[in-house]
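With chain A fixed as given, assemble chains B, C and D onto it according to the hints.
There are 4 protein chains.
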Amino acid sequence: GLGGCVLTLMEYGFVDFIISTGANLYHDMHHALAMSLHRGDFRTDDTQLQEEGVIRIYDILFEDKVLLDTDAFVREALKSLPNHPISTSELHHHLGTQLLQAGVKPEYSVLAQAAAWNVPIYTSSPGDSSIGMNVARNALDGSLLTLDPLADVNETTAIVHHATRNGVIILGGGSPKNFYLQTQPQLWEVLGIQKGGHDYFIQITADAPHWGGLSGATPSEAVSWGKIKPEQLRDTVVVYGDSTIALPLLTAYTVSKAQPRPRKELFLQRKALLKELHSAYETGKLSRP
Amino acid sequence: GLGGCVLTLMEYGFVDFIISTGANLYHDMHHALAMSLHRGDFRTDDTQLQEEGVIRIYDILFEDKVLLDTDAFVREALKSLPNHPISTSELHHHLGTQLLQAGVKPEYSVLAQAAAWNVPIYTSSPGDSSIGMNVARNALDGSLLTLDPLADVNETTAIVHHATRNGVIILGGGSPKNFYLQTQPQLWEVLGIQKGGHDYFIQITADAPHWGGLSGATPSEAVSWGKIKPEQLRDTVVVYGDSTIALPLLTAYTVSKAQPRPRKELFLQRKALLKELHSAYETGKLSRP
Amino acid sequence: GLGGCVLTLMEYGFVDFIISTGANLYHDMHHALAMSLHRGDFRTDDTQLQEEGVIRIYDILFEDKVLLDTDAFVREALKSLPNHPISTSELHHHLGTQLLQAGVKPEYSVLAQAAAWNVPIYTSSPGDSSIGMNVARNALDGSLLTLDPLADVNETTAIVHHATRNGVIILGGGSPKNFYLQTQPQLWEVLGIQKGGHDYFIQITADAPHWGGLSGATPSEAVSWGKIKPEQLRDTVVVYGDSTIALPLLTAYTVSKAQPRPRKELFLQRKALLKELHSAYETGKLSRP
Amino acid sequence: GLGGCVLTLMEYGFVDFIISTGANLYHDMHHALAMSLHRGDFRTDDTQLQEEGVIRIYDILFEDKVLLDTDAFVREALKSLPNHPISTSELHHHLGTQLLQAGVKPEYSVLAQAAAWNVPIYTSSPGDSSIGMNVARNALDGSLLTLDPLADVNETTAIVHHATRNGVIILGGGSPKNFYLQTQPQLWEVLGIQKGGHDYFIQITADAPHWGGLSGATPSEAVSWGKIKPEQLRDTVVVYGDSTIALPLLTAYTVSKAQPRPRKELFLQRKALLKELHSAYETGKLSRP
Chain A
1 GLGGCVLTLM
11 EYGFVDFIIS
21 TGANLYHDMH
31 HALAMSLHRG
41 DFRTDDTQLQ
51 EEGVIRIYDI
61 LFEDKVLLDT
71 DAFVREALKS
81 LPNHPISTSE
91 LHHHLGTQLL
101 QAGVKPEYSV
111 LAQAAAWNVP
121 IYTSSPGDSS
131 IGMNVARNAL
141 DGSLLTLDPL
151 ADVNETTAIV
161 HHATRNGVII
171 LGGGSPKNFY
181 LQTQPQLWEV
191 LGIQKGGHDY
201 FIQITADAPH
211 WGGLSGATPS
221 EAVSWGKIKP
231 EQLRDTVVVY
241 GDSTIALPLL
251 TAYTVSKAQP
261 RPRKELFLQR
271 KALLKELHSA
281 YETGKLSRP
Chain B
1 GLGGCVLTLM
11 EYGFVDFIIS
21 TGANLYHDMH
31 HALAMSLHRG
41 DFRTDDTQLQ
51 EEGVIRIYDI
61 LFEDKVLLDT
71 DAFVREALKS
81 LPNHPISTSE
91 LHHHLGTQLL
101 QAGVKPEYSV
111 LAQAAAWNVP
121 IYTSSPGDSS
131 IGMNVARNAL
141 DGSLLTLDPL
151 ADVNETTAIV
161 HHATRNGVII
171 LGGGSPKNFY
181 LQTQPQLWEV
191 LGIQKGGHDY
201 FIQITADAPH
211 WGGLSGATPS
221 EAVSWGKIKP
231 EQLRDTVVVY
241 GDSTIALPLL
251 TAYTVSKAQP
261 RPRKELFLQR
271 KALLKELHSA
281 YETGKLSRP
Chain C
1 GLGGCVLTLM
11 EYGFVDFIIS
21 TGANLYHDMH
31 HALAMSLHRG
41 DFRTDDTQLQ
51 EEGVIRIYDI
61 LFEDKVLLDT
71 DAFVREALKS
81 LPNHPISTSE
91 LHHHLGTQLL
101 QAGVKPEYSV
111 LAQAAAWNVP
121 IYTSSPGDSS
131 IGMNVARNAL
141 DGSLLTLDPL
151 ADVNETTAIV
161 HHATRNGVII
171 LGGGSPKNFY
181 LQTQPQLWEV
191 LGIQKGGHDY
201 FIQITADAPH
211 WGGLSGATPS
221 EAVSWGKIKP
231 EQLRDTVVVY
241 GDSTIALPLL
251 TAYTVSKAQP
261 RPRKELFLQR
271 KALLKELHSA
281 YETGKLSRP
Chain D
1 GLGGCVLTLM
11 EYGFVDFIIS
21 TGANLYHDMH
31 HALAMSLHRG
41 DFRTDDTQLQ
51 EEGVIRIYDI
61 LFEDKVLLDT
71 DAFVREALKS
81 LPNHPISTSE
91 LHHHLGTQLL
101 QAGVKPEYSV
111 LAQAAAWNVP
121 IYTSSPGDSS
131 IGMNVARNAL
141 DGSLLTLDPL
151 ADVNETTAIV
161 HHATRNGVII
171 LGGGSPKNFY
181 LQTQPQLWEV
191 LGIQKGGHDY
201 FIQITADAPH
211 WGGLSGATPS
221 EAVSWGKIKP
231 EQLRDTVVVY
241 GDSTIALPLL
251 TAYTVSKAQP
261 RPRKELFLQR
271 KALLKELHSA
281 YETGKLSRP
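Residue numbers (my numbering), protein chains in the order written: chain A, 1 to 289; chain B, 1 to 289; chain C, 1 to 289; chain D, 1 to 289.
Isolated chain A, as found in the complex (with noise of 0.2 Å):
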């Protein structure tokens, strides 16, 4: 996995705030929790797998336990969050909190240090993985928290307009890639502040631009939707290939070549931020209603 280089960018002051799918914060917490995955062979038979109880992401193997195990943690975890709507940023930074305290190696794990960093991490598809699939049940159960893909929306987009430049690293594709994208047209189409577009963009992806999607559409198309400011097009870099083999030679670089800057905790700035963005957005109404 990724988690180590993220862990390294995160403590070198390198990641003010991440998008991820659910999923991948999910199985984040099995090493916290010191469970035991083992690397595989992506062609074992699956369905012996299912009939021992064992579960495959392609070349990583771990019991069924592990899942209900930490279904178990996140479940226990959630009693302690408040009875209302919540945004995502709120959901992780209390898992990774919970893994602190209860977490036998929280330091393997991108959920529980970005809480002790304060680094917010926002997911697009809040109810797609099994943390939001325990949050559904939790609701079954009667309870009233749910999580808000609008405070995160605008957590991420205040958090965009605060900052002089901005810019991202985008790993595969997919809906976390136009979650951060998409904080400058909601700035200009549907907020009315000018901003101009996000001024760096660095896209590892397996996908490619003819198939005419997203997730591998190039950094020139989101300069049409204002989301990639266009005097900044020509250092745009998309790398065709693997994050496991990408991620690391960038991480090995940046941290061999750059200082350490200081962490910007951005998870304890969301409310002064969302009050300058609410503030931008009054503003601009006057202009344009």
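Hints were generated in silico from the structure; no laboratory data involved. No experiment lies behind these values; they were computed from the predicted model shown. Fair warning: there could be bad hints in the mix.
List time: in silico SDA-like cross-link candidates among lysine to any residue, alpha-carbon distance up to 20 Å [stated by the list, open to error]:
{"#": "1", "chain 1": "B", "residue 1": "Lys275", "chain 2": "A", "residue 2": "Ser143"}
{"#": "2", "chain 1": "A", "residue 1": "Lys65", "chain 2": "B", "residue 2": "Gly192"}
{"#": "3", "chain 1": "D", "residue 1": "Lys275", "chain 2": "C", "residue 2": "Asn138"}
{"#": "4", "chain 1": "C", "residue 1": "Lys264", "chain 2": "C", "residue 2": "Ala163"}
Chains B, C and D only, in chain A's frame:
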């Protein structure tokens, strides 16, 4: 686009429910509102497009006014929604109903016809797309309306739980793929209800298994997760290629070979199905708390 | 396989000549010889297959006896070929003629029907495949028969030189793709004859431009080489996907929309065309030595 | 380009022989001849490039004069070759030798250094590339010099037959991939000599197994053909991605971890190896004619 195929398959009663990205649904609205989209060349100069206010999605071009006017339609529609969390099926049904009333050409819109035929439409990433972005602005304006991903998890699981046989046609991959497949682990892993996995699985994708991600993961891998029934594995199909080639072929074949079926109108049955799921969950708790 | 499509397109006079890998032609012979090939599963255990003498080509399975018997047929056919270098069009025409005489089902064989209809077939890699391997054994036995790649370069260039308009349908990419396209640089760059590039270009490929190789290279890149006429670039087409889906669609469309054309029988005209090319080359030498 | 990696690996004695496309070797000559190639942008307007006489290979740009001058060098070199069929290893060794004598920077050329170190270089498609195109012009001029693909089949098979262990690093796929792998079936299937398959197999490719072609075919499929030893299958490796990322990593790892080996200078041993192969073939004939 593939809207025509989906419309035909819904009309014939071959689509019980849909899980989509928000972007597909947002851009579907342009058709109902008779806005102008143009086929162009994917090599058009995006900096020039941006200067002239033209948006590009691969080889589709349209004025940014299309976005602004669709946004205005969405925000107007939000006014008649309740001031609390709702499922995305409710949001999409409401937007579809508004399109039926106000749209110039609702017959070209999946959202509109799905509302007419009571086909529920979910999205696994409710904040990701201009639909979510406008609901987020609504929240900045003080509304308590939000989208509840847990309601979506529970509704989709309830539909799958109720059915005698379950199956899916997956176009692409990403978050919507898992959001459907996870309904089976939601039953056995999280809610303690044995179901055994889905019965049918057809995926049309440009992704590949060897990258290790969920989009390209094989139906065989899904067997290890209890997402697909092992005895059905031989009948699962993965078509490697472009959905815009494969789905029209499948649609033409289907409507020429199979009789139409009565539409299930699952949108109207969500409460009853949730009640059934809840009851099975409570029963299951007795044996596995 | 795609043999049926190629047979139909040849029959209708839509194929003037073919450039193929040797493997496609070698395995085509099994059909003429009525040997048994079986559709299987690409996940079959290959070590077990090898122990049982079964050969696998993705999801096609057959006994190794199929190879040995086809090899014997090829070697028998070589006995009636001359003892000096020949073009691969001569080799393939000879094999096709032998299949017409000895084959049980020559009507299912591209090699046989191409011989019947005098469609010349070239390969850009004459030693690569079991055909070349058996000719190599023949050489070990002391024969001076060999395959002359330069004869192929000159014959294909002569065909293109003679035509008023040139075009190609490329299935896949690789060495055969360039072997066709290079006929234009052979004219202007090497022989000093101006022609201006090919007129039509349709490629069906699973490759992508961003890897930088020739297989995935765009028709636009080919324009810079003088391989494609710049003014024809707008009409070039690249279909990303599987030839086994796209070619049957193209074939069905073609035979239902277009009238058959008289076959050109270029195999019989090779000498005349070479003479024409030679003459143009000598003329060109006067202006550019 | 990857020339630097190949030069280093040859220097350290890690490369016994090479199978390449002609294009790689042709463009390698520009370096020895100190011609100017430029890194550009793959989105450059190709019609404009063509008008200005600039050739593009993805993001490499150079004047068409580079082609014409390299062609002239090739044709001059052909004058000192014999007037009959030769193997491509002889052609490439001769070109390399001429580059060593005439080249300004032969130390940057794989062809030149391979000649210096007696590493034989083969191509599976001798007529495909500007090298073959110029030899074809030579034939139009009346020369009987041609390239003998069967000599290449027999020489490569002889090298593999002699070795105690055989293995390959495959960059990409295509015709060169099979040309190496087929040496094993050439032994057992065509010549009746048992060897058991190759021992090592590392492929770096952007292709995928599911298209069914040879480029993306797995080492497992090769086991069914007797191309790879079944007991070595667990150690075969396929890296999905770009050779320009993976090979420098492999090269750096190799030269930092492994001791240089004496170079085998197989180019000088071809006759002896062919004699050995011939003798084994004659012996095998006694048991299987």
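Comparing the hints with the structure gives:
1. Lys275(B) <-> Ser143(A): holds, 16 Å
2. Lys65(A) <-> Gly192(B): holds, 13 Å
3. Lys275(D) <-> Asn138(C): Judged against 20 Å, a Cα distance of about 15 Å means the pair holds.
4. Lys264(C) <-> Ala163(C): holds, 11 Å
Checked against the numbered hints listed earlier, the structure breaks none of them; every hint is satisfied.
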